[in-house]
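Guided by the hints, dock chain B onto chain A, whose structure is given.
Chains as they are written, first to last, in the numbering used here: chain A, 1 to 224; chain B, 1 to 245.
Note that these hints are calculated values from the structure, not bench results. None of these values were measured; they are calculated from a predicted model. It is possible that some hints are incorrect.
[As the list claims (entries may be wrong)] Simulated restraints on C-beta separations: (1) B:172 <-> A:118: 30 to 38 Å; (2) A:163 <-> B:172: 30 to 38 Å; (3) B:232 <-> A:162: 53 to 61 Å; (4) A:194 <-> B:168: 19 to 27 Å; (5) A:82 <-> B:225: 34 to 42 Å; (6) A:52 <-> B:38: 48 to 56 Å; (7) A:4 <-> B:145: 30 to 38 Å.
The beta carbon of each residue, even a glycine, is placed where N, CA and C say it ideally should be.
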Amino acid sequence: MSYFGHVLCHLRKDLQLEWRSRDSINGMLFFSLLVVVVFSIAFDPTAAISRQIAGGILWVALLFASITALNQAWTRELRNRVLDAQRMSPAPPSAMFLGKALANFLFVVVVELVMALPFFFFYNLHALGQGWLMLVIMPLGTWALVCNGTFFAALGLRTRNRELMLPLILFPISIPALLGMMQATTAVLTGEYEPGLWIRLLVAYNIAFTTVCLLLFETILNAE
Amino acid sequence: MKLSRIFGPVGIVWFLLTLGVIAYATKLGLILAPVDALQGNVFRIIFYHVPHSMLSLLFPYINLAASLCYLYWRQRDPLKALTADAWAISSAEVTVLYASICLWTGMLWGRVEWGLWWTWDARLTSMLLLWLLYVSYLMLRKLSATGQTHTLAAVLSVFAAIDVPIVYMSIKWWRTQHPAPIFFSGDPDAKMDPSMLPAFLWNIVGWAMWGIFLLCFRYALERRRQAREQDAALQAIEASLELAQ
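In isolation and in its complexed conformation, chain B is listed as follows:
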């Protein structure tokens, strides 16, 4: 199967552009950004870790929006509902991927800086729980009976969305060890050195583009799977009609 049949020329251009931005961002992050005064070269992992953690908090919103659209269209417009469901599963899978990368790179950094692979700190635990929630979402999709999967998964997604703020608050009441966030923290002293900022921003752009590419690619695949399923169902109906004659 040719790539262009799934995705079209726009997708291929987007893909190549993404590769270019990621390459440039990696060069900025690994070579051009100055060495951190306290951490040395180890800090460079933040150019990879922080964009992934930010984006893994963004994709669940797409999942929730798609799930709510699915529940709304379920009986009113089943074809639109299937589109929403394809967005829901693609965003859930990208969330799990990005959260896994965030957790793994965070552990690598923690091993060097803290001497620990893992600690039950507020931010680490909430991220782990987010990961667990979306893995259980994917498990439900895998195990549930055909025909019910979409609805059950959409309902679970709503539950997960309500759970996230409660998780966030409950975990926050534990003592925190994670370095305080330097963006949106409300602390005027906490800010990134301006010479590191371009590397950081380019990495966010690059990994966001990559996430969008994966999301759309997975969406296209899911739509093809749905179309095949519909064809098979139609053929089965036609065959049963021929038998009846």
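If we strip away everything but chain A, and leave its shape as in the complex, we get:
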């Protein structure tokens, strides 16, 4: 089987598992809805203020929601010692990582698509910049969160306080990416400045960290 075949195999397995249980997506959906509602109540924003803060709130909601799903992503593999079986298989470990990251990416994208409507309703949003750029920013930002998140979830798999560990190491590393996605989204919503610089930052971040994740995944999978 080719490398791409392995990736597809893992992706299909993860999608199938999620399709049967729908744990991650339902959890994330409800969680991000709650965050949006809570922030809306906390700030009680007018349309103009909404544009300023919505970019930040959107990504904070997605960040917290994806943490809940990422924590579960590898725990599935621990049951019945599936992960140990995969470590023994001759398939390339990075293919497993890529499959898992792509699956998580798709889950978060589904959440984004469903959440887009309530988000725009609750905050009375109307993009003053080039709205279509969100179609570039959203996937880039999501991949930046999910790629490193999947990696660190695997890294923290055998640590004590697994659930606590993931945000502790993911947040500091992701801060430039968070800054990029929040600034780019705010630029699109307010139309006050160009988001181009921040989109380029996200692209650079994604290329750098996807490469390192693929290279180092085997090391952390067999870290004993």
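Here is chain B on its own, set in the frame of chain A:
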């Protein structure tokens, strides 16, 4: 336990020398350097603040180098890898210490000069992020399972090293309030008054020596801990063999 058993005579001489240099540098900085024309005596904190900030940017390189050596030696030469890991943890702890001092003294100065404890300026934010990265590195070391700690920490250190330039660039695009650097800034007008230079240089030397002392001391402690761990593991194996007989 006697100090000399951890560190040996060289360490003690180095320690005393460091104390001497720091004392001399402090005297130069607090008493002999002239009062700053604009800031008055408040400026004297730079003799303490700037060396710490410069050195806290230097120790992460030791951490990265040690982590890369660890990853390289991990399977080829486990004993050498343990040495590299001891350097990695000592340099990470010294980085956090120096960055904390840099942040804290910077805040004290900012309170007086700017009237603010903190502002989200480029240099302050990057330093805070560096501090956060290395604190999370130490947290990972604390929480991860025994046997895995070294590898996971080394991997995180590589991630942090890649993150630092991206952080630096992204934060730089924000407006900056921090006084422009007077060293390596490329601006010919920005330079320190020659009468202040000796105090500044002696402080850098003193705090660098102190950092090296802490680094080596912590390294020696970590090596002792590793040796004890190995002894305990050996004894456990021997005990299990005796049981089997």
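### Message
Output the indices of the hints that this structure fails to meet, ascending.
### Response
Per hint list: 3 and 6 violated.
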